[in-house]
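Asks: Take the sequences, apply the hints, and build the full model.
Same order as they appear, the protein sequences are chains A and B. When we follow my numbering, the leftmost residue of the first sequence carries the number 1, and every step to the right adds one. When we follow my numbering, the leftmost residue of the second sequence carries the number 1, and every step to the right adds one.
What the hints contain is simulated information worked out from the structure, not anything from laboratory work. Since the structure is predicted, the reported quantities are computational estimates derived from the model, not experimental observations. The beta-carbon is built from N, C-alpha and C at its ideal position, and this holds for glycine as well. Treat each hint with caution, since some may be false.
The list that follows gives simulated cross-link-like pairs (lysine to any residue, SDA-like), each with its CA atoms no further than 25 Å apart [what the hints assert, rightly or not]:
hint, chain 1, residue 1, chain 2, residue 2
1, B, 26, A, 145
2, B, 22, A, 84
3, B, 301, A, 132
4, B, 387, A, 132
5, B, 387, A, 174
6, A, 154, B, 301
7, B, 26, A, 84
8, B, 22, A, 133
9, B, 22, A, 174
10, B, 26, A, 25
11, B, 387, A, 148
12, B, 26, A, 132
13, A, 154, B, 35
14, B, 301, A, 87
15, A, 154, B, 305
Far from chain B by the CB rule (all over 12 Å, computed), these chain A residues [as the list claims (entries may be wrong)]:
hint, residue
16, 16
17, 38
18, 74
19, 79
20, 97
21, 115
22, 120
23, 154
24, 156
25, 170
26, 215
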Amino acid sequence: MSKAPRASNGPRPLLEARNIVKTIGTGAGELHILKGVSMDLRPGELTLLMGPSGSGKTTLLSILGCILTATSGELHLAGHQAVGQSSEDLAEIRRQHVGFVFQSYNLFPTLTAIENVLVALDVRDARSLDPMETAAEALKSVGLSHRMHTYPSKLSGGEKQRVAIARSLAGRPSVVLADEPTAALDSENGKAVMELLAEVAKDPTRAVMAVTHDHRTLHYADRIITIEDGRIVGDDRSPNHKGPDNGAASKKKNVAA
Amino acid sequence: MMKKIAAGAGSAAPAAQGKVIKMAPKIAYRNLFHDRMSLLVTLIGIVFSVVLVAIEVGLYKGSENKIATVLDKAPADLWIVPFGTKSFDDPSLLIGHEKYAALSTPGVLKAEDMIVSFSAWRKPEGGKKTFILVGLDWANGGTRPWSIDEGEVDDLNLPNAIAVDRSYFKDLGIEKKGDYAEINNQRAQVTAVTKGIRSFTTLPYGFTPIATARKFTGANASQSTYVLVTLEKGANLEAVRKSLADRLQGAEILTHDEFTRRSINYWMFSTGAGLALITGMVLGAIVGVVIVAQTLYASTKDHLNEFATLRALGASASYIHAVILIQALLSAVLGYAAGMLLAMLAIYRLSVRVPTLTIVMTPKIAAYLFALTVGMCVFAAITAIRKVTRIDPAGVFNR
Ligand SMILES: Nc1ncnc2c1ncn2[C@@H]1O[C@H](COP(=O)(O)OP(=O)(O)O)[C@@H](O)[C@H]1O
Ligand SMILES: [Mg+2]
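Replies: So, in structure tokens, the structure goes:
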């Protein structure tokens, strides 16, 4: 929609979606969930996806993350064309390029925090000189060094979501997708998680998109995409966003406010 | 708290060489031990199967050994047996010239007569018992009596002397070595006692020199039930078999293995005794598969959200199958260990309490049972694997 000069001159997008359509069912029961969505995600940005309940946010996120296939359209993710790929090829793309954060955390209850992170490394077959250290570092980066060997049942909601973020980052994905990551959290924990995601998005090799209902999260955004009834109706760069470098400074100001 | 985020998380990840900590076994192990009740049911199922199958197989193997008791001690390349002989314990008499015909056949090194005959044993205190009289020709280099526990082989050269097994004393109405009885209305004396020679049927074996056996059974001096043929080194077995068959009408020429198999098949399958054991075995295995399949499927359903998460994280289908298979294998190993322990205990107790019962357990059978248990659990994992194969990773999002 809005053709901000930065958007067209910025770095190559990590993810490009063109005319994504998702239709479910056939005949009279046909349901058009997405009606031609085009968008891209650029590195170093936190994009918020907003819209009323049932507008297709989760469906879009699932398609962008190669968890769900579009009925038609094109999706390029880090150089891969994703629409029409087999489920194993999609798993491969997710494995290499996508990190997910879920509303209900989806941690393994039988594994400790660090083991949950190790699973993501293992699944990706991410070879590192010391996986334990990589996982420990990921937990440290979300401020949970002291909770490494704690089981999810003993963690607060905010801590669980931070473990989930550490897990999503462990394989160094180029795109991190979060579906209502703060919905199950109180405002303080929700704030901490959003701050974390904003920080994650500062990596110039990575794009972050979070679905949210929560208007308190708006000022963390570099960009806000609004979706209604399966169509994008707004795409705005945050007025605070003045570029990848001083954008952080303006966000910090907002946090303090 | 947010220091180092941008660079921190995966800074060590891209190293090309390095180790991977395998999490699939850990997930499987934790899943398994997380649902204690379900693990218990799984293990009970496997233990039940293993014990049942172990005992049935042991009984089957024990039966085979008993059927081949004498055959095993009388190695020969070829057996000349009366035409239509169904098993070793189904004796009739050859005509009488077979041994000499065999000895004059090219390629034959040695030929040995053996008499096997149903005979009537009259107990000293009265009462009759049919037994199987076995006449051996060790005086001429044939099979020697074995497992003599009391007395000497030479004591059997006394007139009308016989060796019987101590475990049959009661059936034969005697108490000790030296006791007298009547065989086919002729006075006989037990001059040697064997130990552990049991037949598959209820009929005891009694062993005498072949001359004594001919006397007891009224066979003529050259007659026998079987002729055991040993070939010269390098002789062609099929060629010898053919020339023997050409010369001896009314007799069959069997290899040692053929005669053993024929005897085992007769008792185990023609009489149905083995069928019951095999049915028990199959039932045990089926019960095991069903229980393991049930619990594994239930456990997989309980953890479906985690499998969907794994899938969303990019786990390949084979990674997820591996988790379930490892769960199945862990169950198999635990169930087998417990089951085998219990089976050994049961076999030991049974053999103490019912000494006539022969349940054989060898390392080879134990290994087969382990393979069977693993196969059973892997087979049982199929339904669970089909379940996770169908999961939609999109299920990970709250809608
Ligand atoms: N698998 C599905 N089957 C039927 N309807 C679906 C399915 N997935 C999504 N929908 C419908 O599509 C619409 C958009 O869903 P969703 O993407 O979850 O919206 P949001 O996340 O914005 O609330 C909703 O009306 C939902 O009921
Ligand atoms: Mg949603």
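Asks: Taking the hints in turn, state whether each one holds.
Replies: Results for each hint:
| no. | hint | result |
| --- | --- | --- |
| 1 | B:26 x A:145 | 22 Å, holds |
| 2 | B:22 x A:84 | 31 Å, violated |
| 3 | B:301 x A:132 | 30 Å, violated |
| 4 | B:387 x A:132 | 32 Å, violated |
| 5 | B:387 x A:174 | 31 Å, violated |
| 6 | A:154 x B:301 | 24 Å, holds |
| 7 | B:26 x A:84 | 34 Å, violated |
| 8 | B:22 x A:133 | 15 Å, holds |
| 9 | B:22 x A:174 | 24 Å, holds |
| 10 | B:26 x A:25 | 39 Å, violated |
| 11 | B:387 x A:148 | 32 Å, violated |
| 12 | B:26 x A:132 | 15 Å, holds |
| 13 | A:154 x B:35 | 19 Å, holds |
| 14 | B:301 x A:87 | 21 Å, holds |
| 15 | A:154 x B:305 | 20 Å, holds |
| 16 | 16 | 20 Å, holds |
| 17 | 38 | 21 Å, holds |
| 18 | 74 | 20 Å, holds |
| 19 | 79 | 17 Å, holds |
| 20 | 97 | 9 Å, violated |
| 21 | 115 | 7 Å, violated |
| 22 | 120 | 5 Å, violated |
| 23 | 154 | 15 Å, holds |
| 24 | 156 | 14 Å, holds |
| 25 | 170 | 6 Å, violated |
| 26 | 215 | 20 Å, holds |
Checked against the numbered hints above, the structure breaks hints 2, 3, 4, 5, 7, 10, 11, 20, 21, 22 and 25 and satisfies the rest.
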